[in-house]
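> Going line by line, the protein sequences match chains A and B.
The first sequence maps to residues 313 to 720 in the numbering used here.
The second sequence maps to residues -10 to 228 in the numbering used here.
Hints are computed from structural coordinates only; laboratory data are not their basis.
Some hints could be false.
Each computed EDC-like pair below joins lysine to aspartate or glutamate, with the alpha-carbon atoms no more than 16 Å apart [stated by the list, open to error]:
hint	chain 1	residue 1	chain 2	residue 2
1	A	Lys570	A	Asp380
2	B	Lys152	B	Glu60
3	B	Lys152	B	Glu110
4	B	Lys131	A	Glu330
5	B	Lys130	A	Asp572
6	A	Lys519	A	Asp487
Computed footprint of chain A on chain B; a stretch qualifies when at least three of its residues, placed anywhere within it, have a C-beta under 8 Å from a C-beta of chain A [stated by the list, open to error]:
hint	segment
7	40 to 53
8	72 to 85
9	99 to 112
Quick look at which bits of chain A chain B covers, simulated, 3 or more residues with Cβ under 8 Å [said to hold, decoys possible]:
hint	segment
10	325 to 336
11	510 to 517
12	644 to 650
No residue lacks a Cβ here, since even glycine has one placed at the ideal position from N, Cα and C.
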Amino acid sequence: MNRIAFFELIVAFRFMREGLTQTFLIILGVGLGGGVIIFMSAALAGLEGNVVRRTLNFLAPIVILPPDQVARPLRAGPQDEFAAQVQPRSQQLRSIDQWQKIRDQVERAPGVVALAPVVSGPGFALRGDASRAVSITGIEPETYFRVIALDEKIVAGRRDLGPTDIIIGIELAKDLGAGIGDKVRLTTATGAATIFTVSGVFDFGNKGVNAGTVYIALRSAQSLLDLIGGVSAMQVRVRDPFAAERIAESLRAGAAVKVDSWIRTNAEFFTAMAAQIMTNTLIRLFVGLTIALGIASVLVVSVIQKSREIGILRAMGTSREQILRVFLIQGGFMGLAGSVLGSLLAWGFLLLWRSVARNADGTPMFIIEMEPWLFMSAAVGSMLVGLLAAVVPARRAARLDPVVAIRS
Amino acid sequence: METLRLDGVHKSYGVGTPVETEVLHGIDLALGRGEFAALVGPSGSGKSTLLNVIGLLDRPNGGRILIEGREAGILDDAELTRLRGRAIGFVFQHHYLLPEFTALENVMMPILAARGRLDEEMRETAALLLDRVGLTPWRDKKATQISGGQQQRVAIARSLAMKPVLVLADEPTGNLDTRSADGVFDVLREINETSGTTFLIVTHDPRLAQRCDRIVELVDGRIVSDRPNREVVRRSPAA
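Next comes chain B alone, as it looks inside the complex:
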């Protein structure tokens, strides 16, 4: 089964007003389990909008979205929130960690929100995830007390807390220097390879796009190319 399927997805802003703007013009896209795809395109091409629509943060004006075969359009707000929490992980350009909480607590947060109360298991899960992104020594530091690269790694660990089938990353390395960016990208790649989680990564950086298995190019709200990357650069030059 495909992890994600979009059929003719349209998205417009300002519907019913004189400034109505269609941003996505009938997007068809399918991502299989374990795919590691890059979404590229110039600024204003609709990448972030597409990511929000796929991430069920925004409803499309037309077309269908299926997450693991489940049609998202027919779900009400609460069901959509539950599906989003369970099936989709987000990594944003900015880490958006909760400054009030430690790294470990930030990773636990999605599980805590879903279960309602704390248990030992979620603490262990979060610790394992932090270990996976190489942050065990910093797990009890507040989000504001660690570096930008580390913060983004915490955000990645957090996006994996609910064992999502799909991780959407919006310029996850956009705020980082090259070395940190490579490190973060390595983590994403490694998780994809070991756990089979599907990744869709928005990036401006052609170098990083080259490290993905598939490159989807969006221009003016339309997919203009969707091709497998035959010469995938698996590891960062430093690695």
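Chain A on its own, in the form it takes in the complex:
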């Protein structure tokens, strides 16, 4: 017995040591359950983080667009009837009205980190016999790179953009058979055409984007798409991508523009993610419940097995509270010890996952961070579960009548 140890601790640990197999099995059970919870939590956080990171690679969290054009039927007089059917208007490429003013306003909005005006429209990229439909995006590199990390995705060539430079995706480069320094001709639906020189090739890790997007200087795009002095959209980066919809909401309120957040444009992804989180939470909840029931059942059996000893301890002057604590300590310890084991197991699973789940090129499929807070919260959570599970058996033990317990 340790010199500084307390009565309750000594008795609790002796009880557990005496029923070593039982104690070991329940700690193993808690460990397995805890390991599953930790692994699932880490995997979910990793999956979520990776999908978000990859999506936001090439997608601005908030995009400000000119308002949709709507058909306004003319009426001869106020009493005249409306047309029975109104054909919706086709949307033209146009500039955001007073975009400089809106830009200044949005840049000051809380949560906004960077804003980049762009001109984007459809066109064709041609080289020799090859022609591909592309989305032409005119950017100012100094503002755009702060919103979308295109500069980090350049795999060949330069990062800057001269008036006749074009940065194309790696897939498009392949399709057109173009490399750095080659000429590519861009044409638009109106027949405007300009020849650009490939100055850079990017790879966003997304085939669609890599095959269908080209970047040119903002002024070149304004002239090519006939939008001199205007911008067709402003892309906004915010500090917290998950607050994008809330910020978009506040921006919508003040201006006559259309504000799209990535949360709204990717609603399906978020629904899927929410379903995933819900399923995961349910599984974790049930595993937690199973752990609690396991601990509780072991302690209930222990109280029955030890009722005579409890009676004797009570006859010797041990208070009900002391008996209560003896069993609470056992529950808490089983939870804590189980969570330590669970953390080790989860750590092992995660290391295994990292070595197994790899792309063909050897890079990790997605990165699962082994956050210390996850292990800490698992430890605290398991201890609480253990304590809660011990409440019923502990109260039962504390309430035992010493006379009945001794006779039992």
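Starting from the structure of chain A, add chain B where the hints point.
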């Protein structure tokens, strides 16, 4: 001052039910300091119930219990537990040692429960008590690793750990062979004589009852005789 005083103690089971049974019918009893008394009587006469009530393990339905002049009936559960731990020692027919602990630790247990944490002094007290019952060589053995007589001696040492004024022994030799029973009884007697602790011993064995200073006889929940034993057999025949 009397160590123990019972005034008109009643105890019934199943109160308020059709099978209500009164087990003790107004017991009056007083034990002075250092008395060594036997409580005898046929099975079912209420000896164990009386011992539980005196030991504050069970509350009476009527009457008063005074331990060293302190009225136990007015104490709440926690105070009763404290008084029980401090003033009364128990020796049961079965030793009821905690199998998880060594002999020495079992003896230390009541002091540990009262003080909350270990100290060197309680270890010394326990060692002295084990020495007194002649178990020093076995002090570090687990309770399950020693013989029945030795276990009962450990239980006696444990009952003395808190230096109680009263030790209640319920058939302390009931599970032992004659030789071990005599040995255990010698220990009880010796402690009574050297430390002046009051003993009330329930026994079925007339031979052992004869070795007590006073014999209280209980029949059907009533004390039918309470007499001093004029011819006390001080020592066991073997001693």
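> Does each hint hold? Answer for all of them.
These are the hints, each one checked on the structure:
Proximity of Lys570 of chain A to Asp380 of chain A is assessed by CA-CA distance (about 7 Å); at most 16 Å being required, the pair is judged to hold. As the CA atoms of Lys152 of chain B and Glu60 of chain B are separated by approximately 20 Å, the hinted pair breaks the 16 Å bound. For the hint linking Lys152 of chain B to Glu110 of chain B, the alpha-carbon distance of about 14 Å falls within 16 Å, and the restraint holds. Restraint check for Lys131 of chain B and Glu330 of chain A: satisfied, since their Cα atoms lie roughly 11 Å apart, inside the 16 Å limit.
Between Lys130 of chain B and Asp572 of chain A, the direct Cα distance comes to roughly 78 Å. Violation of the 16 Å bound is thereby established for this hinted pair. Restraint check for Lys519 of chain A and Asp487 of chain A: satisfied, since their Cα atoms lie roughly 12 Å apart, inside the 16 Å limit. Only residues whose beta carbon comes within less than 8 Å of a beta carbon in chain A count, and the segment 40 to 53 of chain B has 4; three or more means the coverage holds. Closer than 8 Å: that is the beta-carbon criterion, and the segment 72 to 85 of chain B has 6 residues meeting it against chain A, so the requirement of 3 holds.
Under a criterion of three residues with beta carbons nearer than 8 Å to beta carbons of chain A, the stated coverage of the segment 99 to 112 of chain B is upheld, 10 such residues being counted. Beta-carbon proximity to chain B at under 8 Å applies to 4 residues in the segment 325 to 336 of chain A; the threshold of 3 is reached and the given coverage holds. As drawn, the segment 510 to 517 of chain A meets chain B at 0 residues by the rule of a beta-carbon pair under 8 Å; below three, the given contact is violated. Requiring three or more residues with a Cβ within less than 8 Å of a Cβ of chain B, the coverage given for the segment 644 to 650 of chain A is violated, as only 0 such residues are present.
Violated hints for the displayed structure, listed by number in ascending order: 2, 5, 11 and 12.
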